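Each protein sequence line maps, in turn, to chains E and V. End of the first sequence = 155 in my numbering, gap-free, step of one. End of the second sequence = 155 in my numbering, gap-free, step of one.
Just so you know, the hints here were simulated from the structure itself, not pulled from any lab data. For clarity, every value in this text was computed on a predicted model and none was experimentally measured. Don't take each hint at face value.
Just so you know, same-sequence chains aren't split out, so a pair can sit in one copy or run between any two.
[As the list claims (entries may be wrong)] Straight-line distance between alpha carbons at most 20 Å, and here's what the computed EDC-like set of lysine to aspartate or glutamate pairs gives:
(1) K91 / E64
(2) K91 / E14
(3) K91 / D54
(4) K66 / D42
So you can see what is in the structure, the chains are spelled out below.
Protein chains: 2
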Amino acid sequence: MTDTFTMTPIGHVECERTEPIDDDWGSIESNIHIDSDQFTADVLAGLTDFSHIDVVYYFDRVDEAKINLGARHPRNRPDWPLVGIFAQRAKARPNRIGVTTCELIGVDGLSICVRGLDAIDATPVLDIKPHVREFQPRRPVTQPDWIGELMANYW
Amino acid sequence: MTDTFTMTPIGHVECERTEPIDDDWGSIESNIHIDSDQFTADVLAGLTDFSHIDVVYYFDRVDEAKINLGARHPRNRPDWPLVGIFAQRAKARPNRIGVTTCELIGVDGLSICVRGLDAIDATPVLDIKPHVREFQPRRPVTQPDWIGELMANYW
Chain E
1 MTDTFTMTPI GHVECERTEP IDDDWGSIES NIHIDSDQFT ADVLAGLTDF
51 SHIDVVYYFD RVDEAKINLG ARHPRNRPDW PLVGIFAQRA KARPNRIGVT
101 TCELIGVDGL SICVRGLDAI DATPVLDIKP HVREFQPRRP VTQPDWIGEL
151 MANYW
Chain V
1 MTDTFTMTPI GHVECERTEP IDDDWGSIES NIHIDSDQFT ADVLAGLTDF
51 SHIDVVYYFD RVDEAKINLG ARHPRNRPDW PLVGIFAQRA KARPNRIGVT
101 TCELIGVDGL SICVRGLDAI DATPVLDIKP HVREFQPRRP VTQPDWIGEL
151 MANYW
């Protein structure tokens, strides 16, 4: 079971942020430009009926040699616990996939304007899905304290 | 910008469902077996402090020739609108990526037991992320009526 899969970006992010800064993503507005060589605008038909979209993207600027295959202190903070890479959302992760729910501002042809996408300029986008209420957790969500502290200034 | 990326599964799903049935996923319990050739159990350290995980997986049984690159009626229901593939969560989509938030039941070594993962047996898993409350939408969610009807029996 060592098969691999090839992904082709469906588009790219355009935004003002060009460096991977940890915090203050909440007010960032980005345009996702869907690739016109692959798609026409009907691929986004009906998208604006949703208030939010889930964006799947690729952390292409993460050096493959720096991908964490074990555990680390989030943001290298020794006062936070040592947690596995699959128990945190850090970018230096196997397959380098990011998933973020963003507010949809509008669609213009093959461009999608969003607020709160935590991806830097030119990031490849792998998928766009409508955010669906029924896909949210159906039971109460609990999480450890450290992640709440980490997220305090994220948006 | 026609670069492609190679993904390697981090593990595979084991569950009782072997056919891609549309509905009744809510009570399905699955085990995600993380690949022991690539990882040791510290990659999951701290995961059980979270009640839910976001699972990124690959619809490997979808025929590449059947991927929708435009718009379709969800579930081929003509009474629902014609919407673009990026405005629905159907599996026959570019890059064939699925993302689902599941209830975490427990972790045993490199196996993760979850409830409500809508992926059939042997599905390759590309990433596991903890579900974090602050990553949920920060404004009210709105969506069209058809998706609520579609989701009525999904879980």
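Structure-based check of all given hints:
no., hint, in the structure
1, K91 / E64, "within (11 Å within a copy, 29 Å between copies)"
2, K91 / E14, "within (19 Å within a copy, 27 Å between copies)"
3, K91 / D54, "both (17 Å within a copy, 15 Å between copies)"
4, K66 / D42, "between (39 Å within a copy, 17 Å between copies)"
When the structure is compared with the earlier hints, no violation turns up for any of them.
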